[in-house]
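**Q** In order, the protein sequence lines correspond to chains A and E. The first sequence: position 41 = 41 (our numbering), numbered continuously. The second sequence: position 68 = 68 (our numbering), numbered continuously.
Calculated from the structure, these hints are not laboratory results. It should be emphasised that the depicted structure is a prediction, and the values quoted were computed from it without experimental measurement. Be aware that one or more of the hints could be misleading.
Where chains are identical, the list cannot tell them apart; a pair therefore holds if satisfied intra-copy or between any two copies.
[Stated by the list, open to error] Computed list of lysine to aspartate or glutamate pairs in DMTMM-like fashion (alpha-carbon distance at most 20 Å, straight line):
id : residue 1 : residue 2
1  : Lys-53    : Asp-245
2  : Lys-414   : Asp-167
3  : Lys-242   : Glu-47
4  : Lys-115   : Glu-387
5  : Lys-115   : Glu-383
The chain contents come next:
2 protein chains.
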Amino acid sequence: MPATAWQFESARGHQTHRLTYEIEVSEIHVLLIQLFTVFVAAAVGSEIAVRLKMPSVVGEIGGGILVGPQVFGLIPIVEGHAPMPFEMLAEVGVVFLMFHVGLETQLSSLKRIGKLAVQVALMGVAIPFLLGMGWGYSMGYALSKQAFIGTAFVATSVAITARVLTDLNALQRKESRVILAAAVLDDILAMLLLGAVTALQPTEPGTGGSAVIQLLILGLQAVAFLLAFTIFLPKLVRRHHKVIDAPASSNSPFILSIILCLGISVLAMQIGLAAIIGAFLAGTLLAEIGEEYRIERQMRPLLIFLAPFFFVVTGSKVDISIFAEPAMIVSGLVITVLAVIGKVVGCGLAARRMGKISALIVGFGMSPRGEVGIIIAALGMKEGIFEEKIYALIIAMSILTSVISPPILAALIKRTPSDETTPQAA
Amino acid sequence: MPATAWQFESARGHQTHRLTYEIEVSEIHVLLIQLFTVFVAAAVGSEIAVRLKMPSVVGEIGGGILVGPQVFGLIPIVEGHAPMPFEMLAEVGVVFLMFHVGLETQLSSLKRIGKLAVQVALMGVAIPFLLGMGWGYSMGYALSKQAFIGTAFVATSVAITARVLTDLNALQRKESRVILAAAVLDDILAMLLLGAVTALQPTEPGTGGSAVIQLLILGLQAVAFLLAFTIFLPKLVRRHHKVIDAPASSNSPFILSIILCLGISVLAMQIGLAAIIGAFLAGTLLAEIGEEYRIERQMRPLLIFLAPFFFVVTGSKVDISIFAEPAMIVSGLVITVLAVIGKVVGCGLAARRMGKISALIVGFGMSPRGEVGIIIAALGMKEGIFEEKIYALIIAMSILTSVISPPILAALIKRTPSDETTPQAA
Numbered sequence: 001m002p003a004t005a006w007q008f009e010s011a012r013g014h015q016t017h018r019l020t021y022e023i024e025v026s027e028i029h030v031l032l033i034q035l036f037t038v039f040v041a042a043a044v045g046s047e048i049a050v051r052l053k054m055p056s057v058v059g060e061i062g063g064g065i066l067v068g069p070q071v072f073g074l075i076p077i078v079e080g081h082a083p084m085p086f087e088m089l090a091e092v093g094v095v096f097l098m099f100h101v102g103l104e105t106q107l108s109s110l111k112r113i114g115k116l117a118v119q120v121a122l123m124g125v126a127i128p129f130l131l132g133m134g135w136g137y138s139m140g141y142a143l144s145k146q147a148f149i150g151t152a153f154v155a156t157s158v159a160i161t162a163r164v165l166t167d168l169n170a171l172q173r174k175e176s177r178v179i180l181a182a183a184v185l186d187d188i189l190a191m192l193l194l195g196a197v198t199a200l201q202p203t204e205p206g207t208g209g210s211a212v213i214q215l216l217i218l219g220l221q222a223v224a225f226l227l228a229f230t231i232f233l234p235k236l237v238r239r240h241h242k243v244i245d246a247p248a249s250s251n252s253p254f255i256l257s258i259i260l261c262l263g264i265s266v267l268a269m270q271i272g273l274a275a276i277i278g279a280f281l282a283g284t285l286l287a288e289i290g291e292e293y294r295i296e297r298q299m300r301p302l303l304i305f306l307a308p309f310f311f312v313v314t315g316s317k318v319d320i321s322i323f324a325e326p327a328m329i330v331s332g333l334v335i336t337v338l339a340v341i342g343k344v345v346g347c348g349l350a351a352r353r354m355g356k357i358s359a360l361i362v363g364f365g366m367s368p369r370g371e372v373g374i375i376i377a378a379l380g381m382k383e384g385i386f387e388e389k390i391y392a393l394i395i396a397m398s399i400l401t402s403v404i405s406p407p408i409l410a411a412l413i414k415r416t417p418s419d420e421t422t423p424q425a426a
Numbered sequence: 001m002p003a004t005a006w007q008f009e010s011a012r013g014h015q016t017h018r019l020t021y022e023i024e025v026s027e028i029h030v031l032l033i034q035l036f037t038v039f040v041a042a043a044v045g046s047e048i049a050v051r052l053k054m055p056s057v058v059g060e061i062g063g064g065i066l067v068g069p070q071v072f073g074l075i076p077i078v079e080g081h082a083p084m085p086f087e088m089l090a091e092v093g094v095v096f097l098m099f100h101v102g103l104e105t106q107l108s109s110l111k112r113i114g115k116l117a118v119q120v121a122l123m124g125v126a127i128p129f130l131l132g133m134g135w136g137y138s139m140g141y142a143l144s145k146q147a148f149i150g151t152a153f154v155a156t157s158v159a160i161t162a163r164v165l166t167d168l169n170a171l172q173r174k175e176s177r178v179i180l181a182a183a184v185l186d187d188i189l190a191m192l193l194l195g196a197v198t199a200l201q202p203t204e205p206g207t208g209g210s211a212v213i214q215l216l217i218l219g220l221q222a223v224a225f226l227l228a229f230t231i232f233l234p235k236l237v238r239r240h241h242k243v244i245d246a247p248a249s250s251n252s253p254f255i256l257s258i259i260l261c262l263g264i265s266v267l268a269m270q271i272g273l274a275a276i277i278g279a280f281l282a283g284t285l286l287a288e289i290g291e292e293y294r295i296e297r298q299m300r301p302l303l304i305f306l307a308p309f310f311f312v313v314t315g316s317k318v319d320i321s322i323f324a325e326p327a328m329i330v331s332g333l334v335i336t337v338l339a340v341i342g343k344v345v346g347c348g349l350a351a352r353r354m355g356k357i358s359a360l361i362v363g364f365g366m367s368p369r370g371e372v373g374i375i376i377a378a379l380g381m382k383e384g385i386f387e388e389k390i391y392a393l394i395i396a397m398s399i400l401t402s403v404i405s406p407p408i409l410a411a412l413i414k415r416t417p418s419d420e421t422t423p424q425a426a
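Build out the structure end to end from the sequences listed, making use of the hints.
**A** Structure follows, in structure tokens:
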């Protein structure tokens, strides 16, 4: 109907009215065409990647580069953002992805490797931070800028690794559990580090005191959040999970699970953590009862449809034009190699008693910086801490670590049989 | 991460930078909160409706009224639109809903009732059109305006009925197939009628000739589209459906189905039909092979998550403030009753040999005007054909027919056992 009306409008030539109507009605039309384009780009990219024996996520990011403004320009990127409807689909997609990973992760299995995960997270923050500072020092920046660059080296985007582990059916491996638990702690540490480093910036003197208090409050909130999810809430769910079946609708377990996932994601954002960390923890809460109510199986089609939007949108933000200068290519490669080394050495050292290959899996699994690195780079740019060039390099590093790590991770996982592949009990 | 950054910003009081960053990053945050709110409103509304023995769609529209700007104002509506991310989720939701209905509808079963469907569609267009014109005449409007009002009385929104039929597990009933086939034809007839009536408007003389040609082209396009879907494409799918399994990804049948659904929806929009008509026809194409590839089962979770956005967004657009005047309440009821009578008498007469109750099911099934009526009202308003009052009344009629019909439909369906409840063959 809408398009017809519009066609008749133009046939009749009502210039003034026509224009308004055209924009209003055809906005949905254009969105639907873009949605179709993005989904096809993801499917084609994924198919090509799989045939080249690469993880499908690499193909989806590649598809995103193609539909992005630098190549075909099918999806406009304005100030680092895709159109909001696509940002929203991307966000929901990655939230559901991490919720699904949580559903396949028994909390007890995370606790068992808790100490190791703490070591991996701490070392995985410390070494990249120092390497980032060192790179900043070598570029001749002041200490406060070095610290901010170091922070951009720290934050892991676990969504990409989670997707690779899911596709390889490797979520039940010990390395996967170490990665997931360490990623949760990594997000908390990175948040606190970002707070501390931001407070360090010399732009606004005399507010150090309140920043420290803020930092303490955030830290306590994060710890309370984590404790609630590891101690209090699992008991609650175990005792009262029949409530999920109480509503009249036969779909209620699934609907309530989605509500829990979205609600806890919002709550995590509210206290300064990433939404995906909330989604993952929400998933672990339901892991024990997920099988009984077939939640995991019902989440899967949602992922298949929505998760690609996250990876295509990530890819569409890649600005390949910065690599026109040969000097930038070299700098981009250097910063990327440093970022990967930081995690592989840091996390790998902490995980070395798992064996060499396993330690490498953990290290490369923690390497992708993805959207988290991009967010920190954008913050540094807005704050005037980074100039255009560092910004571009950190964006490049965030994307390159996300593209390089999955194939290495996949190759390492395929090389070693798992020690613990038994699926979780219902 | 984003929210932290933002919290530290405010702690440090960088007014200028902070504001920009805050808007950019927290836009996603706000969207996620709104998404959560809308989904909860749908779930709660649906639960209340089901407990009151009403179709859940009524509860979802009700939930939409509550989150809309007239009551709690949680979702802003600007010029008849929800924020684009929600319009997009709503559109995708209703497209998948109709695709799913198509998957459960064998094309051969539609052809068997083809003649009856044509009669139902023709009568269901003629009688409401005349009643709408009559109402316009009684209000003292010119003939060209009467014709436009008549057109707003015509168009059926089949999504609401389709949802009720799905929830009641009644898609295999003969009445359901008559409704679905008639709705496809209804959309084509309404499109042509809207074209003709728009060309009739006296604002731009001397362009009648080109409008007639446009009309012919649109008509031919629509007929060709329909013929392709009833004759040529089903054969193609039957012969070459193995292609759906060719890609390397194990999810490929599902992914290709989604691509087909979105692609044909876009194509339908492109030639002036509703996207949902394209989605429905795409579904019928895959109905025969849907079982084999478990497409229908995988679509279901997508519906459960996405379809509520359509109904909540529809509800959020209801402007209940127009009923502050008692005269408007009376007019609103009159126009709604006329609109329902038009379909019940028109479609019911055409379907009378199916028996009294079945004829009533078809009539009430064709009654909801939903978003289609709203689009025509908005067009009339923009074109200066409708004044504020008629606009408000037609919006009210579109919503009220959508809220009144489902409970009646549900009651009628529950009263009669189906003649044909056998599920479709695989």
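**Q** Taking each numbered hint in turn, which are not upheld by the structure, reported in ascending numerical order?
**A** 4 and 5
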